[in-house]
Amino acid sequence: MISFTLWDLARNLLLAARWTLLLSAIAFLGGGIGGLLLLVLRYSGRAPVKRAVALYIELLQGTPLLMQLFLVFFGLPLLGIDVSPLLAAAVSLTLYASAYLGEIWRGCVDAVPRGQWDASASLGMRYFTQLRDVILPQAMRIALPPTVGFLVQLVKSTALASIVGFNELTKTGEILTNATFQPFLIYGLVAAIYFAICYPLTFFARALERRLGLAG
Amino acid sequence: MALPETAQAETQPMIELRDVSKWYGDFQVLNQVNLKVGRRERVVICGPSGSGKSTVIRCINRLEEHQKGRIFVDGIELDADFKHIETIRREVGMVFQQFNLFPHLTVLRNLTLAPMRVRKTPRKEAEELAMHYLRRVRIPEQANKYPAQLSGGQQQRVAIARALCMEPQVMLFDEPTSALDPEMIKEVLDVMIELAEEHMTMICVTHEMGFARTVADQMVFMDKGRIVEMAPPQAFFSDPKNERTRLFLGQILSH
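As given, the protein sequences belong to chains C and X, one line each in that order. Taking my numbering, the leading residue of the first sequence gets 1, the next gets one more, and so forth. Taking my numbering, the leading residue of the second sequence gets 217, the next gets one more, and so forth.
Everything labelled a hint here was simulated from the structure, so no lab data went into it. Some hints here could point you the wrong way.
EDC-like, lysine to aspartate or glutamate: derived pairs with alpha carbons at most 20 angstroms apart [stated by the list, open to error]:
(1) X:K336 to C:D133
(2) X:K284 to X:D295
(3) X:K361 to C:D133
(4) X:K336 to X:E383
(5) X:K252 to X:E232
(6) X:K252 to X:D433
(7) C:K156 to C:E174
(8) X:K440 to X:D235
(9) X:K299 to C:D118
(10) X:K440 to X:E281
(11) X:K340 to C:D133
(12) X:K340 to X:E383
Sample of chain X residues at the chain C side, in silico, Cβ under 7 angstroms [to be verified]:
(13) M310
(14) A330
(15) V334
The structure presented is a predicted model; accordingly, all values stated were derived computationally and were not measured. Glycine residues also receive a C-beta, built at the ideal position from the N, C-alpha and C atoms.
Required output: the full structure, derived from the provided sequences and hints.
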């Protein structure tokens, strides 16, 4: 049996964590754009568009992320589209994140008092100006804690990508465990790395919240 | 058209409501309301809560849509044409019961936002305009504070200044003192009286009858979605014609 030093293990896991970070970033950016799009469609679209958006959100929130991942990974090849594990994971996490973020942000826009729409409309602002200068800045402050909360969730959800064979942090942990038979040590390290990614996010959000709180 | 354009503009009412009706579901909130407000005229609307008085003025700038009848502002009809709505909103300022200042912006930015975004006024000019109106409502020193740092009376004066920064031809006041502590009502009313004395066209929904007596050209009493009585203040207060008006005035003037 080959023996690994602790540093060997940690180094391999840290290298794999880059893929976890990349996947999280893609899903969050893609999900953010998608969520914003859903938000705008929900607020300004016609009735059938609004219903379609609502249905999309219901479907993605009402099914396990793992099933969505399987459907993309095994489904797209049936349509003749070859998908790599990274692509499948990125697509399904993006769809998943857009549904959640769209719904979270809708709640935040709804939480901005009605009077803010009235006041900005009475001053002659157009819909887009109202959103950009009056409603969204206030909604964003409300949205910050739940959005970061979801981002933390999303980082942890990327572990599911290991199941379709994407070599991120959890998958690498699994491979190393198979080679070293030290699951407690390896998965302990894996968990520590997830924590090291997520904790600063929460911390940063709290600091940002305090700063924005001054103007509120 | 016999009249030259300017003379016509003078005689044409600033605001005209013709048989305006509105329903919330089955409940009729406005029932064939007719109202003409001339240029530089100051009208005070009073009535029991739920009588539709706020709804009337919220229809004048299309914060709410009327379902029957016609509304004209400065000769422009308020209809589905979005251009008309925009033009009218630029010329009609509004002050709300709950102030509705933008909490994420400083007082100065609250005032400059609409001129810059809607009228495309350059920032420097917009800021000068804002300071001008802040001086008029007597709180120029609060320009860089956030709304939450001001008292209710100060916030409402900022709200008045914000509406004035668009240099509107008409000001609508929707119970502007109802959310204020008693000691702050006067500072807001003083600002409104000054505006009235400069003959700004105004429609005020208010229960401040002292203010109404001082500034109103016309008093309007509404009940159950209808205009029940309309008269100059002298006649309105001393000799109301309608039983319901008498009852209402008796209730609010008795204490």
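Structure-based check of each hint:
1. Taken as a hint, the X:K336 and C:D133 pair is honoured in the structure, with Cα atoms around 14 angstroms apart against an allowance of 20 angstroms.
2. For the hint pairing X:K284 with X:D295, the CA-to-CA distance comes to about 11 angstroms; that is within 20 angstroms, so the pair holds.
3. About 18 angstroms separates the Cα atoms of X:K361 and C:D133, which keeps this hinted pair within 20 angstroms; it holds.
4. In summary, the hint linking X:K336 to X:E383 is supported, as the alpha carbons are separated by about 13 angstroms, within the 20 angstroms threshold.
5. Among the hinted pairs, X:K252 with X:E232 is consistent with the structure: their alpha-carbon atoms are about 4 angstroms apart, no more than 20 angstroms.
6. Proximity of X:K252 to X:D433 is assessed by CA-CA distance (about 12 angstroms); at most 20 angstroms being required, the pair is judged to hold.
7. Simply put, C:K156 and C:E174 have alpha-carbon atoms about 16 angstroms apart, close enough for the 20 angstroms limit, and the pair holds.
8. The suggested pairing of X:K440 with X:D235 holds, with an alpha-carbon distance near 15 angstroms, which does not exceed 20 angstroms.
9. As the CA atoms of X:K299 and C:D118 are separated by approximately 18 angstroms, the hinted pair is consistent with the 20 angstroms bound.
10. For the given pair, X:K440 sits about 18 angstroms from X:E281 by alpha-carbon distance, which is consistent with the 20 angstroms threshold.
11. With a C-alpha separation of about 19 angstroms, the suggested pair X:K340 and C:D133 falls inside the 20 angstroms cut-off, and the hint holds.
12. Only pairs whose Cα atoms come within 20 angstroms are accepted, and X:K340 paired with X:E383 is accepted, the gap being roughly 16 angstroms.
13. About 4 angstroms separates the beta-carbon of X:M310 from the nearest beta-carbon of chain C, less than 7 angstroms, and the hint is met.
14. Taking 7 angstroms as the C-beta cut-off, the interface hint given for X:A330 holds, the closest approach to chain C being about 4 angstroms.
15. Nearest Cβ of chain C to the Cβ of X:V334: about 4 angstroms, under the 7 angstroms cut. The hint holds.
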